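Trainee: As given, the protein sequences belong to chains A and B, one line each in that order.
To get the working numbering, take the position in the first sequence, counting from 1, and add 1.
The letter at position 227 of the second sequence is residue 225 when you use the working numbering, and the numbering goes up by one with no holes.
Possibly wrong hints are sitting among the right ones.
Using 20 angstroms as the maximum straight-line C-alpha spacing, the simulated EDC-like pairs for lysine to aspartate or glutamate come out as follows [to be verified]:
id: 1; chain 1: B; residue 1: K31; chain 2: A; residue 2: D203
id: 2; chain 1: A; residue 1: K38; chain 2: B; residue 2: E13
id: 3; chain 1: B; residue 1: K31; chain 2: A; residue 2: E204
id: 4; chain 1: A; residue 1: K78; chain 2: A; residue 2: E17
id: 5; chain 1: B; residue 1: K31; chain 2: A; residue 2: E327
id: 6; chain 1: B; residue 1: K88; chain 2: A; residue 2: E327
id: 7; chain 1: B; residue 1: K31; chain 2: A; residue 2: D344
id: 8; chain 1: B; residue 1: K209; chain 2: A; residue 2: D344
id: 9; chain 1: B; residue 1: K88; chain 2: A; residue 2: D344
id: 10; chain 1: B; residue 1: K31; chain 2: A; residue 2: E17
id: 11; chain 1: A; residue 1: K38; chain 2: A; residue 2: E17
id: 12; chain 1: B; residue 1: K31; chain 2: A; residue 2: E132
id: 13; chain 1: B; residue 1: K209; chain 2: B; residue 2: D25
id: 14; chain 1: B; residue 1: K31; chain 2: A; residue 2: E335
Not close to chain B: a few residues of chain A, all C-beta gaps over 10 angstroms, as computed [claimed, not checked]:
id: 15; residue: V150
id: 16; residue: E242
id: 17; residue: D286
id: 18; residue: I320
id: 19; residue: L324
Please keep in mind that the hints were generated in silico from the structure rather than gathered at the bench.
Keep in mind that this is a model prediction, so the values were computed, not measured.
Glycine is no exception: its CB is placed at the ideal position from the N, C-alpha and C atoms.
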Amino acid sequence: MRPNSIAWERAAEVHEAAQGWLRVGAVDEPTADAIRKTFPDPCVTPSAVWRVLTACVVAAVVLCTFQAVSIAFRPGKIGQQVLLFLFAGASLVSANLLEASPRFARRGAAGAASFLGVGFLLIGFGLFLLETRHMRFDDAIDAILIASVLAWAASCWRWGSPLFAGLSAISLFLFLGRLPYGRVLWTLAGGALAGVAARRLDEGSWAPSHRRSAAVLVVAGVVAAYVAVNLYSLDEHLLEELGRFAARRIVPSRGLIVLSALATAAVPLAVLIWGWRSRRTFLLDTGIVLLALSLVTLRHYVRIAPLWAMLTLSGAVLIVLALAVERTLRRAREGERAGFTADPLFSDERRQHALQILPVVAAFTSAAPGPAAQEKDFTGGGGKFGGGGAGEKF
Amino acid sequence: MNPDVVSAIARLRAENVLSGGQAALFDRVARRKLVSVRLELRALLYVGVLLLTSGVGLLVKEHHREIGPWAIAGGIGLVAAACLVWVIRKSAPFSWGEVQSPSVAFDYILLLGLLLFASDLAYVEVQFMVLGPNWAHHLLVIGTVYLLAAYLWDSRTVLGLALTTLAAWRGVSISLISGSHWAADAGHLRFSAIALGTLYVAAAALSVLLKRKVHFEEVFANAGLLLLFGALVSGGLDDEPAWGLWLAALLVVAGVVMWLSFHLGRSLYFAQGVVAAYIGLVRLLFEPFRNASGLPFFLAALLGLGVLALIFAAHRRMRER
């Protein structure tokens, strides 16, 4: 990243923290103003709505222009590749220029341009390998995945988008999955990636967005390692399906199955302990999700109880657990225990409001019975969240 | 640790911008010596409620013959009542202003109670056919109960449920936009969506004007605009001869929404108006070109540039709230 961009990002971090302090009344408006003057941030920073809107429109403009030129000139195979590379170059140069300008750096346009630029580049490269170099399909896929790892990683380093770090990690694991011993490579590379990235989470010399990208890489590494050791994934040969050639369906030995079952149980707990000890909420969240997946895996192999009982019981356990944790934290001295609190601190309550609005969207996405539907076909209120849009038929 | 904020706090303390007490607290949080798990607790409660209600739904579906209708209806009703009694006991006095939840759990126990109530009512309707051929009206009852509960206990989550349940009562869901219902009774669904959407937007305006639960405005208005634009866009993209009228209505409504939201400082409503108008205009651009031509794409790109200029200008001048 450019030194200026890093400096702007650092100032933006302080502004965001000050906004949180102001929101809960921990500082007054004059103090917040003084903080903003001490750490000036020249960038125009629109809200997420504006950024998403701008990014979508920029994407529409670029894609429509590409399509218009494609249709107008009707290029041949090589011409199409040249066009893709031209658009890739133009998009990446635009992203670089936009990112250097305080007026445009955080509007969403630079992000959309860089994303499309890398996309054009990879598609052009793929077509070049397949149509010009006449490479075998499997070889081309490998080459594209390697290019994808490098291109997204370089973009992440240049423009600091955590999304690009995630795409680079996904490309890396897809590539590793295609190699012999892909499962072993996923385990080793996942563990190594999580370990290396975790060391950079608090690295002061890194830009804030690079530290966030490191957090994404930690999650990607942990998830990859978990998928590799998960019993269901092993049993169903999920990773072997990624292989270059027809997946070899070797029945795993009993020892390997036991080891995998133990790892399926141990990895989520290890991640939870790691999150607890380091007090990193994103690791706690990852651990909770992996634990849920492990319980689903357990249910798949061991029929402890019928599905309805498992759902009801796990729902009740989650509610009781959350209530118990909240009560423990509330009753603790000064409302905190082991460095954790149930108070919102300086977090943005808008995120919680977004959670509350979520049911609206959830219900709109499910089919609802209309008055026109005359069949006596009940759609229950509790099955799928959203009441009216529920999907359980009695 | 957030090293940028940690070093900033040290500097602000040295320059006396922050007091010693402020700096100590902020530093603890920035160094992750004090971490909030409020969001995680909320997420656990939310997922817990979903799993529990799904489990109950599945139990009823699989075993309603063995258990018997009275036992099921009574059992679910009892649990729902227990939840709602807990909510009544814990709730703060009613106010037309915003009321803080007494605890993190409050909203979710309320949600659980209402979802179980809805399941129970639906089960009773299926088993005992109380409403007969008008069975769909049970959604109206549930939606009304949700609406009352949302106002009584000040819950945006429940208000969202109420609005979608009322929309479902009129047969409106995302299916209107996705196209699966287009062939069936698209016209009827569209008019229902427009009527409900207008009603919700009016409720949003009234919330603000009458100062009655002003914070509900966002939920009402977003749901209303989704319905309104969903119906108008689906009409504008349709192949029926009247698509031009739908498109004209879409552009007028989108223009009005953009103008109003600009003056009210509501970026999300403005964005919905922009997206809806852009989709409608793109359809208009493509209409004369039935064969493959690059011109409409070029015009769509130019239109996009115009939209970008509009977005930048609106953002510069809008006083966002």
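Trainee: Work down the list of hints and note, for each, if the structure agrees.
Mentor: Tested hints:
1. K31/B / D203/A: holds (14 angstroms)
2. K38/A / E13/B: Roughly 12 angstroms between the alpha carbons, so the hint for K38/A and E13/B holds.
3. K31/B / E204/A: holds (17 angstroms)
4. K78/A / E17/A: violated (49 angstroms)
5. K31/B / E327/A: Holds, because 18 angstroms separates the two Cα atoms, which is no more than 20 angstroms.
6. K88/B / E327/A: The hint holds at about 16 angstroms.
7. K31/B / D344/A: Measuring from Cα to Cα gives roughly 14 angstroms; hence the hint holds.
8. K209/B / D344/A: violated (29 angstroms)
9. K88/B / D344/A: holds (19 angstroms)
10. K31/B / E17/A: holds (19 angstroms)
11. K38/A / E17/A: Holds, at about 14 angstroms.
12. K31/B / E132/A: violated (57 angstroms)
13. K209/B / D25/B: Not satisfied, since the Cα-Cα distance of roughly 39 angstroms exceeds 20 angstroms.
14. K31/B / E335/A: Judged against 20 angstroms, a Cα distance of about 14 angstroms means the pair holds.
15. V150: The assertion about V150/A holds, with a minimum of 28 angstroms to chain B.
16. E242: Non-interface label on E242/A holds, nearest chain B Cβ at 29 angstroms vs cutoff 10 angstroms.
17. D286: violated (6 angstroms)
18. I320: Violated, since 4 angstroms does not exceed 10 angstroms.
19. L324: At about 5 angstroms from chain B, L324/A fails to clear the 10 angstroms cut-off, so the statement is violated.
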